[in-house]
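Chemist: Generate the whole structure from the sequences, applying the supplied hints.
Each chain, letter by letter, is given below.
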Amino acid sequence: MIFYYLRLAAISLRRNWGQTTLMILAIGLGIGVCMSIVTINYLMAKDPIPDKSSQLYYVQLDNWDPNRPAESPNEPPDQITWMDHQALMSAAKAFRQTGNASATAIIRKPDDDNFRPFLARIRGNHADFFPMFDVPFLYGTGWTSDAHRDWGADQVVVLSRETNDRLFGGEDSVGREITLGNPTEFSSNLFRVIGVLDEWRPVPRFYDLTSNYFSDPAEIFIPFGLILSQGLSRSGNTNCWKPTGDGLRAFLGSECVWIQYWTELRNHQEKADYMAYLDQYVTEQKEGGRFPRPLNNRLSNVNEWLDHENVVQPEAKMLLAVAVMFLVVCLLNTIGLLLSKFLGKSSEIGVRRALGASRGSLMYQYLVETAMIGFGGGLLGLLLTWLGLESMLAIFGSDASNLMRLDLNMVVAAVALAIASAIGAGLYPTWRACRIDPAAQLKSQ
Amino acid sequence: MLDMKGIARIYQTDLVRTHALRDLTLTVNEGDFTAVVGPSGSGKTTFLNIAGLLEDFDEGSYLLDGENVAGLNDRQRSKLRNEKIGFIFQGFNLIPDLNVFDNVDVPLRYRGFPAAERKRRIEEQLERFGLTGRIRHFPSQLSGGQQQRVAIARALAGDPRFLLADEPTGNLDSASASGVLDLLEGLHTSGTTIIMVTHDPALAARAPSSIHLQDGRVVGNDEAAA
Ligand SMILES: Nc1ncnc2c1ncn2[C@@H]1O[C@H](COP(=O)(O)OP(=O)(O)O)[C@@H](O)[C@H]1O
Ligand SMILES: [Mg+2]
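Protein sequences appear in the order of chains A and B. In case it helps, my numbering puts the first sequence at residues 1 to 445. In case it helps, my numbering puts the second sequence at residues 1001 to 1226.
Don't take every hint at face value.
[Stated by the list, open to error] In silico BS3-like links for lysine-lysine, alpha-carbon gap of 25 Å or less:
| hint | chain 1 | residue 1 | chain 2 | residue 2 |
| --- | --- | --- | --- | --- |
| 1 | A | 242 | A | 93 |
| 2 | A | 109 | A | 52 |
| 3 | A | 93 | A | 109 |
| 4 | A | 317 | A | 46 |
| 5 | A | 271 | A | 52 |
| 6 | A | 443 | B | 1119 |
| 7 | A | 443 | B | 1084 |
| 8 | A | 46 | A | 271 |
| 9 | A | 443 | B | 1079 |
Hints are computed from structural coordinates only; laboratory data are not their basis. Note that this is a predicted model, so its numbers are computed, not measured.
Modeler: The structure is reproduced here in C-alpha cells:
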C-alpha cells in the first residue's frame, strides 16, 4: 500500500501546491534555523579527542594576587609561569607531560630564493605533546625527549600537512631545512624538518583554549625552549598580577603566566598522585615566599576544561533555545495548515470509509503525505542550514571554517528531524481527520 | 441476509434529542430490490448508513449474513463494508483529485487485489457502463449522469452482494435518472441485492418492494409482487 499512498500523497500535494509550498517553507525554515544553530553548538561541544579526553589533564596552579583571585569567584589563572613549568617538566611526575605556548615566525626556504616568505603560527611544545594528543604523522616523527635541554634542544621542526604542501609541495620533506625568523628583528635560524603531520584539526583546539580556539591549528611545531632561545615572537596571552623587571631573564623569573600545561594521567591513582605532587610542590614554594593564596591547584580533564573555559558560550545555548522555539512555532503553523488541509478532505475521508478504508489505513495514508512534506521540508532545511553556515562563515571569516562544517551526521540528522517534526506535527491533524464521522459527512451531501 | 430488529438511533445534541430511527424491524433477503421512501428527515439516510456499517445504533440488533455486527471493531467493519457492500450517493462523491480509473480503483486497493486483477475489474466495469472512453477523465470533466455511472462502477468493482443507494438520482435530470434506474434494475436482474433510498414515489414504484419511513418509524410496507 505504501506506493499507493505515496502516489496519493504526490497527487494531493501537487493539487494544493500553494498550501504544500507554505508547509514545506514553514518546516524548512524552522529546520534550517534550528540546524544551523545546532550544528554550531554540536561542533563546539563535541569531544575533540574522545579516546583520551578523560586521561588528559590540564594543570592550574594558583600563584595569583593574595588580594583577589585570577578570576572570580576563586579560580586559579588559566596558564602557568616559566618557573613552575620548568619545575614540573623536570620533576616529570606524570606519565606524560608537556607545556606549550604559541609564537609567530617568518618562514623562509634557504635553498629557494623564489620562495615567498610567510608568517606562520608556531607552537612550542615538548616531545610528549605528539603521543599525548594522538597527533598523526605522515612522514618522520616528533622529537625525542627534550625536557632537560630546553635551551639547547636540536633545531628541529615538525610541519603541519598544509605547511608541508605549501613549502615542499607535499613531498616527504624530512631532512630538508627552513629558517624561522623573528618578524621584528632580522635574525633567522636554520631548522631541520624531522616530521610532517597528517591532517590534524581538533575542533575546538582543546590543547590551547587561551586564544581563538576555533581558528586554524599551528602550522609549525618546535621544541618548547627554542621559542625563547631562538628569539621568536611569542603570540599567546600573557597575564601578570605584579610588575616585572625589564628583560627576558626578569620576565622568566616573574609571576607572569603564559604557558599551558597538560599531563596524561592514566587512572585515578595517577591523578591522585599527581595532585599530591602539585600540592607538595606549591607548599614548598610557599616556604620560599611564592604562592600567597591558599592552596588551590586544579586538574581538569579535556571536557571539564572545555566546560570551564565556556567553549560553548552561554549565548550559544540561549540562541539554541530560541532556535528550538522558532522550530516549534514553525511546526505549530504547519499543524494549522495540515488541520485545514485534512479537514478539507472530510468528504473524501467519508467516501473512502464508505468504500472500506479503516481508520488505520486512512491514518497511514495521511501520515505518508505528512512525511512527504517533512521530506521536502528537510531538504529545504538542509539547503538553508548550508546557506546559514556559509553566511556565518562570510560574517565571521575563515577562523570559523573549522567550526562550520556540515558533516554527514548533521545532514542525516536534519532530514530525520524534519520528517520527525512533520510527522509529529501531522499526528494531531491526521488523528482528527480519521475521527471524522463518515456518516455525518455523507449525510451533509 | 440483512436482519434488523428493534433498531433505534438517537442523536443527542445540546438542545435536542432526535429519534432518527425508532424500533425499526426489517428483513431484506438475497436478491431483493427494496426502495426506502419517506419525506426528508424521516431517517432514510440514517437507516442506510447503519445498514452499511458506517454508523452505530443505540438499540436493537442487526445481523448481516447472520453475523451480529454490534461486536465488530473498526477494522472488521471496514473489511465487511469493503467486501460485501457497495455505496452510491446522491452527490456521486467521486474523489475530485483522482481520475475515473483511480476512483474505481479505491475499493479494490483496500481489498488488496493485485494490480492485474484490479485493472481487469476496473476496465470490465467501465466498459459495462459505457465509460471506456472516459478512463483518464477527472470527475469535473464528466456530466452528472456519467459521474453517477462511475460511482456505480466503483460500487460494483469489488463484486459486493449488496448495493446501498442513497437518492442516487437526486442530482440528475429525469433522462439520466431514468438511465440510472435502468442500470439498477439490470443489476437486480443479475442478482445483486439493492436497497435504494428515495423520496420520489415514482422511482420507488419501479422497485418490486418498498418501505415507508416517517419520523423514524416504518409506517408502511409494500410487498408488491415484481
Ligand atoms: N449526525 C446527526 N446529528 C444530529 N441529528 C441528525 C444527524 N443525522 C441525522 N440527524 C437527524 O435525524 C433525522 C433523520 O435524518 P436523515 O436520516 O438524514 O433523514 P433523511 O435521509 O430521511 O432525510 C433528521 O431529523 C436529522 O436532522
Ligand atoms: Mg437523506
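Chemist: For the pair we were handed, residue 46(A) and residue 271(A), check the Cα-Cα distance against 25 Å.
Modeler: holds, 24 Å
Chemist: Taking only the CA atoms, is the gap from residue 443(A) to residue 1084(B) under or equal to 25 Å?
Modeler: Given that 25 Å is the threshold and the Cα spacing comes to 21 Å, the pair holds.
Chemist: Take the C-alpha atoms of residue 109(A) and residue 52(A), compute the straight-line distance between them, and say whether it is at most 25 Å.
Modeler: Answer violated: residue 109(A) to residue 52(A) is near 37 Å, above 25 Å.
Chemist: Compare the distance between the alpha carbons of residue 93(A) and residue 109(A) with 25 Å, and conclude whether the hinted pair is satisfied.
Modeler: Given that 25 Å is the threshold and the Cα spacing comes to 39 Å, the pair is violated.
Chemist: Taken at face value, is the distance from the CA of residue 93(A) to the CA of residue 242(A) at most 25 Å?
Modeler: violated, 29 Å
Chemist: Regarding the pair residue 443(A) and residue 1079(B), is the alpha-carbon distance no greater than 25 Å?
Modeler: holds, 22 Å
Chemist: Are the Cα atoms of residue 443(A) and residue 1119(B) separated by 25 Å or less?
Modeler: violated, 31 Å
Chemist: When you check the alpha-carbon spacing of residue 317(A) and residue 46(A), does it fall within 25 Å?
Modeler: Roughly 14 Å separates the two Cα atoms, so the pair holds.
Chemist: If you draw a straight line from the CA of residue 271(A) to the CA of residue 52(A), is it 25 Å or shorter?
Modeler: holds, 14 Å
The earlier numbered hints that this structure contradicts are 1, 2, 3 and 6.
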